[in-house]
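Turn these sequences into a full structure, and let the hints steer you where they fit.
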Amino acid sequence: MRNLLLLGGTGEALRLARELYGHGRVRCISSLAGRTESPEKPPGDLRIGGFGGLDGLSEYLATEKIDLVLDATHPFASQMARHAHEACRLLGIPRAKLVRPAWVAAPGDRWSMMPSIAAAAVFLRFHPAQRIFLALGRQDLGAFVPLSEEETRPRWFLTRSIDPPGEGVALPKGEHLLARGPFTPDDEKALMQQHRIDLLVTRNSGGSAAKIAAAAELHLPVLMIERPPLPPGERLDSVGAALSWINLHAV
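So for the sequence shown, our numbering puts the first residue at 1; every next one is plus one.
Any given hint could be a false lead.
Once the Cα atoms are required to be at most 25 Å apart in a straight line, the calculated DMTMM-like pairs of lysine to aspartate or glutamate come out as [stated by the list, open to error]: (1) Lys173 x Asp163; (2) Lys41 x Asp237; (3) Lys65 x Asp55; (4) Lys173 x Asp198; (5) Lys173 x Glu150; (6) Lys41 x Asp163; (7) Lys65 x Glu19; (8) Lys41 x Asp67; (9) Lys41 x Glu19; (10) Lys173 x Glu151; (11) Lys65 x Asp45; (12) Lys173 x Asp140; (13) Lys41 x Glu64; (14) Lys173 x Asp187; (15) Lys65 x Glu86; (16) Lys65 x Glu234; (17) Lys173 x Glu149.
Distance windows between CB atoms, simulated [what the hints assert, rightly or not]: (18) Gln193 x Glu64: 44 to 52 Å; (19) Ala118 x Leu178: 22 to 30 Å; (20) Gly108 x Glu86: 38 to 46 Å; (21) Phe123 x Pro228: 14 to 22 Å; (22) Leu178 x Leu248: 41 to 49 Å; (23) Gln193 x Glu86: 44 to 52 Å.
No wet-lab data here; the hints were simulated from the structure.
What you are looking at is a predicted structure, and each value in this text was computed from that prediction instead of being measured.
By construction, the Cβ of each residue, glycine as well, lies at the ideal position given by its N, Cα and C atoms.
Okay, structure coming up:
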C-alpha cells in the first residue's frame with residue numbers, strides 16, 4: 001500500500017479523492033488548508049490546517065511515510081506549490097501538480113491582463129469604471145479599499161465569499177454577498193445586471209467560466225489576473241491524467 005498525500009481544496013481534488021476511495025494499492029490522505037468554515041469533505045483520511053512552512057511539510061512527509069504527493073491546490077496557491085516541490089525534491093518523493101487549464105480570451109472579449117492584484121488596483125485608478133465586481137478571494141480585497149474611499153471619485157464594489165469575511169478583513173465600500181457556487185452564466189449575468197456592474201476583476205483560475213461568459217455577453221471589460229509561475233516538475237491537466245500518474249507510481 002502506497003501513501004499518497006493529496007493537497008486539496010479544489011473541485012478536482014475532491015473528485016480525485018472520491019475516485020481513490022477504496023483503491024487497493026493507494027491510501028489517500030487529503031489535506032485542506034482550513035480557510036473555509038464548512039468545506040465539502042472528501043472521503044477517506046483527512047487533515048485540516050497548515051503544515052508550518054517548508055520544514056513542517058518535510059517533517060510531515062517523513063513522519064507519515066508519504067510515498068507520493070499530488071498537488072491539486074488552487075492555481076494561485078503558489079507558496080504551497082513551491083513548498084511541495086522543494087520538500088519532495090529534498091526527500092526524493094515523486095510529485096506532480098494537477099492544474100486546470102487557464103481561460104483563454106475569445107474574439108470580442110474585453111480583457112486586460114494584469115500581473116498582480118496590486119497592478120489591477122493601480123490600473124483602476126485611471127479607469128472610468130464606477131461599479132466593479134471583485135470576483136477574488138477575501139485576502140485580495142484590501143488592495144481596493146483606497147479606491148472606494150477616494151474623495152473625488154469613490155468606486156463601488158461588489159464582493160462575494162462563502163464564509164463571512166471575519167474580523168480584520170478589509171472590505172472596500174459597496175455590498176458583500178455570502179454565497180456558495182457553482183453559479184451558472186445566467187446567475188452571474190443577473191447579478192451583474194442587478195448591481196449595474198461595469199467591470200469585472202477576476203483571477204485566471206480556470207474551471208467554471210460562468211462569470212467570464214456573463215461578462216462577455218454583457219460586453220463588460222475584465223481585468224484578468226495572470227497566474228503565478230509554477231515550480232518545475234510534472235504537470236497534469238485533468239483528474240483522469242492524475243489517476244493515471246498515481247496508478248503508474250503505485251507499484
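A quick look at each hint next to the structure:
no. : hint                        : in the structure
1   : Lys173 x Asp163             : holds, 18 Å
2   : Lys41 x Asp237              : holds, 22 Å
3   : Lys65 x Asp55               : holds, 15 Å
4   : Lys173 x Asp198             : holds, 16 Å
5   : Lys173 x Glu150             : holds, 11 Å
6   : Lys41 x Asp163              : holds, 16 Å
7   : Lys65 x Glu19               : holds, 22 Å
8   : Lys41 x Asp67               : holds, 23 Å
9   : Lys41 x Glu19               : holds, 14 Å
10  : Lys173 x Glu151             : holds, 13 Å
11  : Lys65 x Asp45               : holds, 14 Å
12  : Lys173 x Asp140             : holds, 14 Å
13  : Lys41 x Glu64               : holds, 21 Å
14  : Lys173 x Asp187             : holds, 23 Å
15  : Lys65 x Glu86               : holds, 17 Å
16  : Lys65 x Glu234              : holds, 21 Å
17  : Lys173 x Glu149             : holds, 8 Å
18  : Gln193 x Glu64: 44 to 52 Å  : holds, 50 Å
19  : Ala118 x Leu178: 22 to 30 Å : holds, 26 Å
20  : Gly108 x Glu86: 38 to 46 Å  : holds, 42 Å
21  : Phe123 x Pro228: 14 to 22 Å : holds, 18 Å
22  : Leu178 x Leu248: 41 to 49 Å : holds, 42 Å
23  : Gln193 x Glu86: 44 to 52 Å  : holds, 46 Å
In summary, this structure violates none of the numbered hints.
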